[in-house]
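*Asks:* One line per chain: the protein sequences are P and R, in this order. Numbering of the first sequence is given in the working numbering, commencing with residue 12 and proceeding in unit increments. Numbering of the second sequence is given in the working numbering, commencing with residue 12 and proceeding in unit increments.
No lab work stands behind these hints, which were simulated from the structure alone. Certain hints may be false.
The list treats identical chains as interchangeable, and a pair is accepted whether it falls inside one copy or across any two copies.
As the list claims (entries may be wrong) - The calculated DSS-like cross-link candidates involving lysine-lysine, where the alpha carbons are at most 25 angstroms apart (straight line), are: (1) K43 <-> K69; (2) K147 <-> K14; (3) K97 <-> K340; (4) K70 <-> K165; (5) K391 <-> K99; (6) K168 <-> K317; (7) K224 <-> K46; (8) K168 <-> K69.
Keep in mind it's a predicted model, so treat the numbers as computed, not measured.
Number of protein chains: 2
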Amino acid sequence: MPKISRRGQNIFSSPIRKFLPLVLEAEKRGIKVFKINVGDPDIAPPASFFPAIRSYQKKILPYAPSPGIKEHTAAWVKYYRGFGLKLKPADIIPTMGGAEAILLAITAVADPGDEFLIFEPFYASYKGFATMSGVKLTPVTLKVENNFALPPIKEIKSKINRRTRGIIIINPNNPTGMLWAKKDLAVLVKIAREHNIFIISDETYREIIFQGKPVSILQLPRAKDCAIVVDSASKRFSCPGARIGCVASYNKEAMRSILKFAMTRLSVPTLEQIGLVPALSNAGPYTKKIAAEYKKRRDVVLNALKKMPGVVCREPQGAFYIIAKLPVKNAEDFVKFMLTGFNYNKNTVMVTPAEDFYITKGLGRDEVRIAFVLNIKELKEAMEILAKGLAAYHRKSDSYKF
Amino acid sequence: MPKISRRGQNIFSSPIRKFLPLVLEAEKRGIKVFKINVGDPDIAPPASFFPAIRSYQKKILPYAPSPGIKEHTAAWVKYYRGFGLKLKPADIIPTMGGAEAILLAITAVADPGDEFLIFEPFYASYKGFATMSGVKLTPVTLKVENNFALPPIKEIKSKINRRTRGIIIINPNNPTGMLWAKKDLAVLVKIAREHNIFIISDETYREIIFQGKPVSILQLPRAKDCAIVVDSASKRFSCPGARIGCVASYNKEAMRSILKFAMTRLSVPTLEQIGLVPALSNAGPYTKKIAAEYKKRRDVVLNALKKMPGVVCREPQGAFYIIAKLPVKNAEDFVKFMLTGFNYNKNTVMVTPAEDFYITKGLGRDEVRIAFVLNIKELKEAMEILAKGLAAYHRKSDSYKF
């Protein structure tokens with residue numbers, strides 16, 4: 012039997028999805044599992060979305076143009092104008108969700124063997140995209156105890172070598188909920204320019220912030236040449252099943268190359284491009300509403316975590332996640348316990364062990380990520396159950412093994 | 012300004028899409044351009060498709076599971092049973108069109124620097140996927156004069172080296188319309204087994220055939236371990252804008268790896284997965300109807316080409332393309348002439364120069380691909396205009412340059 016590739020063997024398993032079998036088993040036993048592990052919003056997309064899709068009246072469903080359906084790309088242009096960005100249609104290419112945007116941006120600027128700096132903890136799928144495209148991720152560690160602050164410039168620069176092609180940032184951050192301040196962005200842009208490398212800025216959660224105004228790295232004039240934004244409609248319009256994102260950059264060479272990659276795979280789904288035109292054209296009212304909702308949820312989770320003995324966390328400023336350091340040796344073991352050895356009135360909670368959000372071995376082993384993807388009432392219940400689970404886990408021997 | 016990657020620079024431009032500006036200019040001058048260049052069907056998808064999408068009643072649009080929505084993957088299982096294949100749901104992973112299926116299959120079995128044998132001429136996007144994934148395509152040349160027949164086994168084997176990870180076939184073939192006979196497939200499987208490499212079989216056009224029964228390489232028992240089918244709903248259900256395809260293989264190791272890649276990009280569009288359930292569950296009536304339609308169109312094109320002096324072509328057995336060798340030195344120059352220097356009663360025709368369907372330098376320079384994507388009436392008109400254009404081109408000096 013022929014062997015698969017090394018990258019096929021090494022591709023990591025999503026930490027978010029690998030506990031699914033235990034969830035299903037728990038549910039079979041009649042346990043209700045509050046799932047605050049996946050970033051899968053429970054909120055309906057903008058009211059315009061489904062009607063816009065239903066408005067499609069053509070009898071045939073041809074390929075969309077590779078640079079996007081004209082009205083759709085124009086709607087992204089309009090959307091970005093809301094942040095003072097003067098992107099032209101040619102500076103934007105719709106993608107199959109933020110996921111493809113990331114893969115195309117990486118592929119356009121890096122060859123197999125090249126490297127990117129990335130701040131850990133980070134959205135774990137980046138590991139998969141790196142494996143697929145043959146590039147290496149070099150971690151720069153941020154610490155919850157240190158408020159996930161930018162480390163000294165010297166430390167960042169020391170990780171750059173001749174194979175480094177860019178710095179990847181996620182802003183607002185998944186999984187920490189951290190926002191990069193404009194001055195932090197300016198520091199990173201300065202480093203990128205000095206080393207003649209790119210910044211790939213993942214701004215999927217741009218408007219889901221709990222203070223200040225939404226920010227894009229493209230607002231920094233000095234980022235014009237070096238920044239590539241990877242974006243997604245999934246979270247800000249609560250439509251992850253639509254699989255629509257985009258790449259946006261003023262760097263014409265990068266965009267030309269990304270367009271050629273996009274032509275190779277032909278097009279992005281037609282109906283969802285149409286469905287998102289009204290939402291993109293008038294994003295503010297909807298995104299403000301959901302940001303307010305996520306802020307309330309953030310408060311519920313934060314307040315509950317603060318009351319749990321031994322838990323360390325910081326206040327997320329955006330996105331809908333929080334990293335919590337738990338008073339356990341091994342968060343993965345705790346998560347397994349919650350799914351297999353615990354229930355409270357037939358209820359339990361699924362959170363994501365954070366170890367896989369790191370590259371550096373050993374980091375994040377006692378941390379979990381919580382996603383605010385339930386309504387306030389359920390989230391309160393889930394946090395109570397989590398507290399009870401943590402207490403029960405402590406009553407057991409630390410050596411509890413699944 | 013930072014430089015993009017070598018692969019970003021080297022990624023080839025789709026031959027199908029690069030003449031688009033000339034088409035637009037011709038249309039501005041009031042010329043009607045009959046487009047028989049792109050494989051974009053003018054036929055409506057199965058009657059069940061749009062109603063199935065409109066039947067979606069949930070208020071939210073979450074990620075679909077990475078292995079596909081249960082009903083959707085089950086519909087693919089049912090679909091393949093129609094060919095006697097006993098694939099289980101775990102042997103099938105829905106993808107974003109055939110395009111992503113190809114990329115995932117290549118990535119799962121080959122590392123950067125590895126090689127695939129591919130029969131030229133072939134669907135040019137494979138070049139893009141190879142560049143993206145860092146693999147090399149080694150051409151085995153098929154010739155129109157030779158009826159695109161399989162070359163001697165020795166010739167094929169001589170191209171296999173220690174970096175070769177597989178053989179790519181497209182069956183029925185785009186752009187030749189050729190079918191691989193079962194005995195040809197058996198030969199290729201034998202070679203793959205002897206060298207312990209994979210066969211990636213692109214069966215996008217499986218049912219669009221003009222003789223015999225639809226075939227999958229998975230019907231060959233000895234292909235069980237080494238064959239990976241990349242498939243697409245786009246052509247057989249006339250819905251390229253839906254972006255739904257799949258990877259199917261009995262090789263569990265390959266499928267495990269492809270699932271992990273699929274998890275990285277989370278999911279395939281929810282609505283289109285639902286839209287295709289009825290079509291996949293009862294494919295026969297629709298695919299038989301469109302195969303009959305494409306056969307009629309094939310006859311129109313073939314008969315017209317046969318009457319054109321100096322044109323060499325063969326009878327396509329499937330798909331909806333034909334490669335025609337024209338009595339010109341440079342088909343690209345001829346295509347430019349048709350768009351810029353010719354019209355017949357304000358009409359002209361756009362075909363695809365075939366050179367980019369080859370890797371070997373110089374091949375295909377006098378060939379074009381014609382796609383049967385117009386109705387009979389329009390196709391007849393288009394072929395008349397093509398004949399007139401060819402005659403006009405000959406009246407001009409051979410040295411006509413754009």
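*Asks:* Within a copy, between copies, both or neither: where do K168 and K317 come within 25 angstroms Cα-Cα?
*Replies:* neither (35 angstroms within a copy, 67 angstroms between copies)
*Asks:* My question is about K224 and K46: at a cut-off of 25 angstroms on alpha-carbon distance, are they close within one copy, between copies, both, or neither?
*Replies:* neither (30 angstroms within a copy, 48 angstroms between copies)
*Asks:* Please sort K43 with K69 into within, between, both or neither, judging by C-alpha distance up to 25 angstroms.
*Replies:* Intra 44 angstroms, inter 21 angstroms, cutoff 25 angstroms: inter-copy only.
*Asks:* Which holds for K147 with K14 at a C-alpha limit of 25 angstroms: within a copy, between copies, both or neither?
*Replies:* Intra 23 angstroms, inter 18 angstroms, cutoff 25 angstroms: intra and inter.
*Asks:* Regarding K97 and K340, is the shortest C-alpha distance of 25 angstroms or less found within a copy, between copies, in both, or in neither?
*Replies:* Neither way: K97 and K340 sit 49 angstroms apart in one copy and 46 angstroms across, limit 25 angstroms.
*Asks:* Treating 25 angstroms as the Cα threshold, decide for K168 and K69: within, between, both or neither.
*Replies:* So K168 and K69 fail the 25 angstroms test inside a copy (54 angstroms) and across (49 angstroms) alike.
*Asks:* Between K70 and K165, at a C-alpha cutoff of 25 angstroms, which is it: within one copy, between copies, both, or neither?
*Replies:* For K70 and K165, neither the intra-copy (60 angstroms) nor the inter-copy (49 angstroms) Cα distance is at most 25 angstroms.
*Asks:* Are the CA atoms of K391 and K99 at most 25 angstroms apart within a copy, between copies, both, or neither?
*Replies:* neither (44 angstroms within a copy, 41 angstroms between copies)
In this structure, the hints that do not hold are numbers 3, 4, 5, 6, 7, 8, in rising order.
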